[in-house]
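My request is simple: use the sequences and hints to build the entire structure.
Under the numbering used here, the sequence shown has 24 at position 24, and the numbering climbs by one with no breaks.
Simulated from the structure, these hints should not be mistaken for lab results.
Glycine residues also receive a C-beta, built at the ideal position from the N, C-alpha and C atoms.
Among these hints, one or two may not hold up.
Here are the computed lysine-lysine pairs in the BS3-like style, where the Cα-Cα straight-line distance is at most 27 angstroms [what the hints assert, rightly or not]:
#1 K119 <-> K171
#2 K65 <-> K113
#3 K137 <-> K67
#4 K171 <-> K137
#5 K67 <-> K106
#6 K65 <-> K121
#7 K146 <-> K162
#8 K113 <-> K67
#9 K106 <-> K124
#10 K162 <-> K106
#11 K171 <-> K146
#12 K162 <-> K119
#13 K73 <-> K162
#14 K146 <-> K65
#15 K137 <-> K106
#16 K171 <-> K124
#17 K124 <-> K162
#18 K65 <-> K171
#19 K92 <-> K113
#20 K119 <-> K65
#21 K113 <-> K124
#22 K171 <-> K106
#23 K67 <-> K124
#24 K65 <-> K106
#25 K162 <-> K137
#26 K124 <-> K65
#27 K106 <-> K121
#28 K67 <-> K171
#29 K67 <-> K119
#30 K146 <-> K106
#31 K92 <-> K73
#32 K106 <-> K92
#33 K65 <-> K137
#34 K73 <-> K171
#35 K119 <-> K137
#36 K73 <-> K146
#37 K118 <-> K137
The calculated label-pair distances, taken between Cβ atoms and stated as ranges, are [what the hints assert, rightly or not]:
#38 S41 <-> G156: 17 to 23 angstroms
#39 K124 <-> F157: 20 to 26 angstroms
#40 K124 <-> E158: 23 to 29 angstroms
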Amino acid sequence: MKNILIFILLLGLLYGLSTLNKGRSPIEIISGNKTEKITLSGLEGINYSIVDIPGEVMVYLETDKYKNVPSNKKIVRYFAGTGCPYGDTFAKAIQPLANSLEYTSKYYFNREKVISYKKFKDRKSAQIAMDFERLCKEFCIINPEKSQIFRISGVGFEEAVKLPVIVEQLKNW
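Put into structure tokens, the structure is as follows:
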């Protein structure tokens with residue numbers, strides 16, 4: 001009995017290890033009743049996801065936060081500035097992309113300072129802005145046409161180095 005239990009535990013462990021580092025490509029994006037597959041490669045070890053943007057958050061983005069950004073451009077939002085440990089690395093990784101006509105024709109690059117203050121007209125507006133901050137996390141790419149966000153949690157040096165790969169792969173998303 002003890003040998004069978006050990007065998008089952010080892011089998012479970014081997015299965016777990018075999019699926020551990022296979023990457024997350026292709027990923028399925030489920031929006032409403034439509035499922036879309038996007039193949040992303042070279043992002044092993046990065047905690048990323050693509051999620052739908054709730055309607056009221058989308059309205060906030062279109063009418064307030066990014067109202068001057070053309071709707072056909074994806075928005076690359078990242079933090080940089082005083083007190084941001086990965087800010088310089090992000091800025092160095094994104095700068096060549098932000099200066100490239102190939103990428104600026106498809107993306108709007110939005111570098112935000114870590115510390116910023118904004119007044120809201122009411123509590124609901126503040127809550128919607130906070131909902132967006134939770135969706136975006138430390139780095140995100142917003143696709144207004146699909147009302148979706150590609151986001152990374154736990155941003156660090158490894159993620160910053162892979163930004164050009166991420167932006168390139170999401171060009172036609």
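Straight-line alpha-carbon gap K92 to K73, limit 27 angstroms: 22 angstroms, holds
Given hint K106 paired with K65 - CA-CA distance at most 27 angstroms: Within the cut-off at roughly 18 angstroms; holds.
Satisfaction of hint between K137 and K171, Cα-Cα up to 27 angstroms: 20 angstroms, holds
Proposed proximity, K106 with K67 (alpha carbon, max 27 angstroms): OK: K67 and K106 at ~16 angstroms, within 27 angstroms.
Straight-line alpha-carbon gap K146 to K106, limit 27 angstroms: 14 angstroms, holds
Status of the given 20 to 26 angstroms range, CB of F157 versus CB of K124: At roughly 38 angstroms between Cβ atoms, F157 and K124 fall outside 20 to 26 angstroms, so the hint is violated.
Pair hint outcome, K73 versus K171 [Cα-Cα no greater than 27 angstroms]: Since the Cα atoms of K73 and K171 sit roughly 10 angstroms apart, the hinted pair holds (cutoff 27 angstroms).
K73 paired with K146 [C-alpha distance capped at 27 angstroms]: 11 angstroms, holds
Pair hint K119 and K137, alpha-carbon separation not exceeding 27 angstroms: Distance of about 21 angstroms is within 27 angstroms: holds.
Outcome of range test on Cβ distance (K124, E158; 23 to 29 angstroms): 38 angstroms, violated
Hinted pair K65 and K171, Cα distance within 27 angstroms: 22 angstroms, holds
Proposed proximity, K121 with K65 (alpha carbon, max 27 angstroms): 14 angstroms, holds
The earlier numbered hints that this structure contradicts are 1, 9, 12, 16, 17, 27, 39, 40.
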